[in-house]
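Colleague: Protein sequences, first through last, are from chains Y and B. Be aware that the first sequence starts at 1, since it is given in UniProt numbering, and climbs by one per residue. Be aware that the second sequence starts at 1, since it is given in UniProt numbering, and climbs by one per residue.
Rather than coming from a laboratory, the hints here were simulated on the basis of the structure. From the three backbone atoms N, C-alpha and C, an ideal C-beta is built for every residue, glycine too. Any given hint could turn out to be false.
[Said to hold, decoys possible] Facing chain B, a subset of chain Y residues (Cβ under 7 angstroms, in silico): (1) G30; (2) N172; (3) Q573; (4) S583.
[Unchecked claim] In silico PhoX-like pairs for lysine-lysine, Cα to Cα no more than 25 angstroms straight-line: (5) B/K185 - Y/K420; (6) Y/K420 - B/K303; (7) Y/K492 - B/K304; (8) B/K195 - Y/K502; (9) Y/K110 - Y/K41.
Next come the chains, spelled out residue by residue.
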Amino acid sequence: MFVSYKWLQDYVDLSNVSPEELAEKITRSGIEVEGIEVPAKGIENVVVGHVLSCEKHPEADKLNICSVDVGEEEPVQIICGAANVGENQKVAVAKVGAVLPGNFKIKKAKLRGEASNGMICSLQELGVEGKLVPKEFAEGIFNFPSEAVVGEDAIEVLALNDSILELGLTPNRADAMSMLGVAYEVGAILDREVHLPELDYNKHSEQAADRVTIEVEAKEENPIYLAKVIQNVKIGPSPQWMQSRLTAAGIRPHNNVVDITNYVLIEYGQPLHAFDLDQVKTNKIVVRLAKENEKIETLDDAVRELKPHHLVITNGEEPIAIAGVMGGANSEVTEKTTTVLLESAYFAPASVRQTSKDHGLRSEASSRFEKGVDPKRVELAAERAAQLLSLYAGGEVLSGTVGLDDMDKSEKQLTITLEKINRVLGMELTVEEVLDLFRRLQIKAEADQTTIQVSAPTRRGDLLIEEDLIEEVARLYGYDHIPMTLPVHETKPGGLSIRQQKRRLIRQVLEGAGLMQAVTYSLTNDQKAKEFALDVREPVKLMMPMSEERSNLRLSIVPQLLESVSYNLARQQDRIAFYETGSVFLEEEHSDLPREDEHLAGAVTGIWHSHAWQGEKKPVDFYAVKGILDLLWERLGVAEAIRYEQSKEEHLHPGRTAAIYLRDEKIGYIGQVHPSKEKELDLKETYVFEVKLESVYRYETAALHYTAIPRYPSIVRDIALVVESEVLGGDLERIIKNAGGSLLKSVKLFDLYQGEHMEKGKKSLAFSLIYMDPARTLTDDEVVKAHEKVLQAVKDQAGAELRG
Amino acid sequence: MEERLKQLQQEATAKVEQSVDLKQLNDVRVAYLGKKGPITEVLKGMGKLSAEERPKMGALANEVRDDITKAIETKQQLLETAEIEKKLTEESIDVTLPGRPVNSGTHHPLTSVIEDIEDLFLSMGYTVEEGPEVEKDYYNFEALNLPKGHPARDMQDSFYITEDLLLRTHTSPVQARTMERREGKGPVKIICPGKVYRRDNDDATHSHQFMQIEGLVVDENIRMSDLKGTLNVFAKRMFGEDREIRLRPSFFPFTEPSVEMDISCKICGGKGCSVCKGTGWIEILGAGMVHPNVLEMAGFDSKKYTGFAFGMGPERIAMLKYGIDDIRHYYANDQRFLTQFGQKEFK
Ligand SMILES: [Zn+2]
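Construct the complete structure from the given sequences, taking the supplied hints into account.
Modeller: Encoded structure:
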């Protein structure tokens with residue numbers, strides 16, 4: 001809603017309140033003023049001029065030499081390039097020395113040998129938005145109505161030195177979609193009176209009811225339909241002040257009849273429609289729901305198909321308007337119109353909202369009907385428009401209003417206690433203070449000691465429950481006056497749940513180990529949604545995606561991370577290491593919601609360790625990433641239950657991938673991206689992992705217990721075992737551990753050898769075994785015995801021979 | 001004999017002094033104190049002395065031996081120190097060369113903001129609640145006083161999956177679900193962070209996916225002044241003790257009264273600048289008293305219970321705190337962006 005500061009002064013005295021102060025006050029009490037615009041800011045020296053003569057420039061086809069009376073002793077000569085300039089016009093003249101928007105200075109000039117002492121202006125050149133300039137002046141200079149006084153300040157005449165406040169209205173404040181509504185608000189804020197327009201005018205003796213009949217068949221959708229008839233109307237421009245006000249309100253002036261309906265729309269918030277009564281033909285209005293396959297050509301020259309839930313205005317035979325949304329071309333007011341049928345109605349909000357949505361038409365009118373207009377203003381607005389038509393369109397208003405008014409206009413009664421107001425706000429207001437606030441709002445309120453009775457006016461459809469009244473009190477009294485306290489109640493200690501603590505630990509560990517946290521989108525395309533998924537199934541899809549690229553919910557985080565890896569590779573990053581935790585979405589057959597599993601994923605590529613000036617540079621490999629996960633398992637207390645198994649997964653390198661198990665459940669994978677996939681995504685050797693966190697979160701970790709630091713020495717035995725190449729190191733380690741018994745405290749691989757000094761198809765793995773007894777010093781005999789068991793076990797179970 | 005001993009002592013001491021390295025010094029030791037050295041030689045002649053002189057001479061010999069030993073030890077220490085120093089000088093390195101880099105990652109800036117907010121409210125007795133990102137229309141809208149056909153549903157165009165399922169447009173459904181679980185019994189004191197989705201084209205200020213964090217307190221006698229006090233603590237803790245807050249009336253379907261909270265602009269100190277669009281204030285979050293319909297729908301008696309709720313966007317908070325100018329940075333995961341947030345902030 002654009003509010004003209006000048007126009008607002010018709011209703012509320014704004015003396016001693018600057019536009020900026022007013023804006024601040026309005027904002028602080030409930031409606032955000034999003035901006036203040038002065039269209040002609042800084043423009044001076046532009047006056048009304050009279051074109052005395054206008055001739056073609058002898059040297060240039062498109063230029064005119066004009067002699068213009070600007071109210072000075074001598075007329076000035078101005079060269080004007082506008083096609084629509086002509087003798088006897090009243091125009092806006094920027095005199096020499098004027099400055100126009102964009103710091104455009106008007107200087108004496110010579111154009112093809114002819115002196116030009118000023119410029120005849122278009123409205124755009126004076127700061128008016130192009131779409132608001134009346135059509136006839138849109139491509140050229142502006143003409144004032146003939147009564148404009150030569151020499152007067154054109155900016156003043158056009159009211160372009162006005163301040164226009166842009167109100168950002170929340171959906172509940174439909175009451176402020178009118179100048180009167182804003183006036184009530186400002187009146188309350190400033191505690192000043194509100195002056196409503198006087199509605200006196202001369203009425204013609206003939207009765208409107210003798211000229212038209214109104215029938216409403218759809219009373220639920222249309223509880224009020226009122227019409228007035230104005231005859232002998234002369235179509236022409238509306239007065240300059242009205243055009244200026246409409247322009248300020250963001251509406252393009254058209255002609256007097258249309259401008260007047262728009263003016264009242266803005267003033268009262270009541271949309272009106274003017275029909276050319278002669279074109280209605282039947283002198284009859286029937287409001288009804290549309291018939292199947294009915295069509296109408298609307299004012300924008302579009303033929304629209306109607307549906308049976310669309311409310312239409314008809315002449316008894318065919319539709320002449322879509323109620324509350326747009327008029328029909330067949331009954332449009334034109335230059336030839338002489339008799340106007342003026343419609344003022346209440347159309348049900350839901351009906352208009354649906355209809356305007358179906359036709360993709362949102363207008364100043366429909367946006368007000370959708371929120372519910374004030375039923376008490378339906379008739380007042382009709383009277384106001386009739387008055388203006390008689391004043392500015394030469395019309396004769398027939399007596400009486402025709403139509404139907406079937407709407408309950410009683411005020412909603414609300415009761416609230418002072419105690420409740422104070423309890424909710426945490427304040428100590430008195431009954432008198434509260435009543436005074438309602439008086440300023442012009443809302444009727446009465447009170448005994450403790451209880452306040454409020455009649456919510458029909459113009460304030462947002463006041464429905466006690467809390468709405470509390471808000472009125474608080475916002476007008478001022479939120480600044482609410483004290484600052486903290487809740488007084490029994491407070492339990494706050495804290496993170498176990499899964500939240502574990503999630504934070506995962507972040508710490510992975511970041512400490514060099515991975516950067518990424519956040520990617522959950523929505524992706526069909527292909528990426530399925531790739532790298534731990535649970536392969538059809539992804540959850542959006543009904544109406546904005547694009548294919550964001551149409552499916554992900555089943556895996558890895559594809560999105562790889563996208564981030566590519567992005568960084570393309571930006572010359574030589575070490576890229578990401579992790580992300582987040583939801584993946586799994587369609588479930590017997591559940592109304594998809595299952596959301598929290599996953600942890602990672603993607604690492606490039607240089608892992610480098611110390612350039614010492615000549616070290618080590619690329620990332622499988623074991624670097626696995627080591628990070630191992631650290632994570634240890635810190636989370638699940639290491640004892642974790643195991644890796646050689647595995648094959650789609651899009652992963654068949655020989656460099658492991659499945660990760662927690663006890664017997666496969667919870668994830670780690671591996672190198674398949675070289676063909678790497679090629680497709682423009683990646684270098686890249687390692688990824690993805691893990692289902694739900695199982696990790698659920699795993700109950702053992703309580704921490706201190707184990708005494710051993711007081712007795714341990715004995716170390718190193719063994720190098722030769723096995724077939726296929727034997728897995730992890731298996732050997734497990735065999736050793738199982739065979740070593742209670743004395744064997746740790747097993748560590750310290751060498752792997754495959755190569756020329758080794759028999760073909762064999763490899764050597766060297767382990768370091770530590771034997772210890774916490775209670776005493778081990779004897780050599782005991783160690784030898786235990787160690788022999790180990791050697792026997794690896795020989796039996798893995799065919800391992802001691803390397804000589 | 002006595003003279004001979006004293007002469008030997010002088011000789012030895014002089015030689016000790018002249019030694020320039022440990023080897024020479026050792027030669028001196030062997031020459032004078034060794035078994036075949038001159039002192040031993042002299043002492044062999046003791047047999048010729050009288051019983052009276054013998055012990056005297058013995059004592060003198062020991063004295064001389066001790067003195068020489070001491071001189072050697074002192075000299076040895078000096079020489080050793082010099083030798084070590086020489087060795088250390090040779091070992092010196094260029095300490096200004098760069099250290100070995102330690103791999104280290106960082107929190108995503110949005111995570112940092114969310115964890116900061118969580119920690120602040122945890123310290124005030126809140127717990128952190130989470131909920132599904134694919135949500136029922138009921139929890140996302142209806143339970144929050146946004147029945148079907150409500151005009152405010154236009155305000156947040158959403159991604160529907162079925163007629164009844166959508167990607168949540170705010171984290172408020174977590175509030176509705178949590179209240180429902182508590183079966184009408186207060187207090188409820190929660191903070192709900194998470195991802196939300198809206199039908200927006202991604203540009204510098206819009207993102208179809210973004211974060212939200214909301215708070216909710218419901219109990220008997222929760223007042224709007226409690227909301228204001230809580231937001232004041234939050235603003236000062238998050239943005240600095242010198243920041244002021246102000247509340248402006250606003251509208252949200254799930255709260256009544258509703259407010260928007262501004263904080264004073266740090267850049268201009270309230271005088272007005274481009275960041276605060278000349279107002280001296282910067283909008284931070286929306287809040288209000290929980291609408292009685294929302295309480296009732298979740299099973300709370302709105303006559304007995306009141307509550308407040310607030311919600312904010314971590315993207316916006318990070319933008320304001322760090323001067324980030326494009327929301328898309330958060331989701332591009334450009335390492336040159338992310339690494340800028342590794343430094344811990346202390347307050
Ligand atoms: Zn500022």
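Colleague: Check each numbered hint from earlier against the structure, then list the numbers of those it violates in ascending order.
Modeller: Checked against the structure, the only hint that fails is number 9, while the rest are satisfied.
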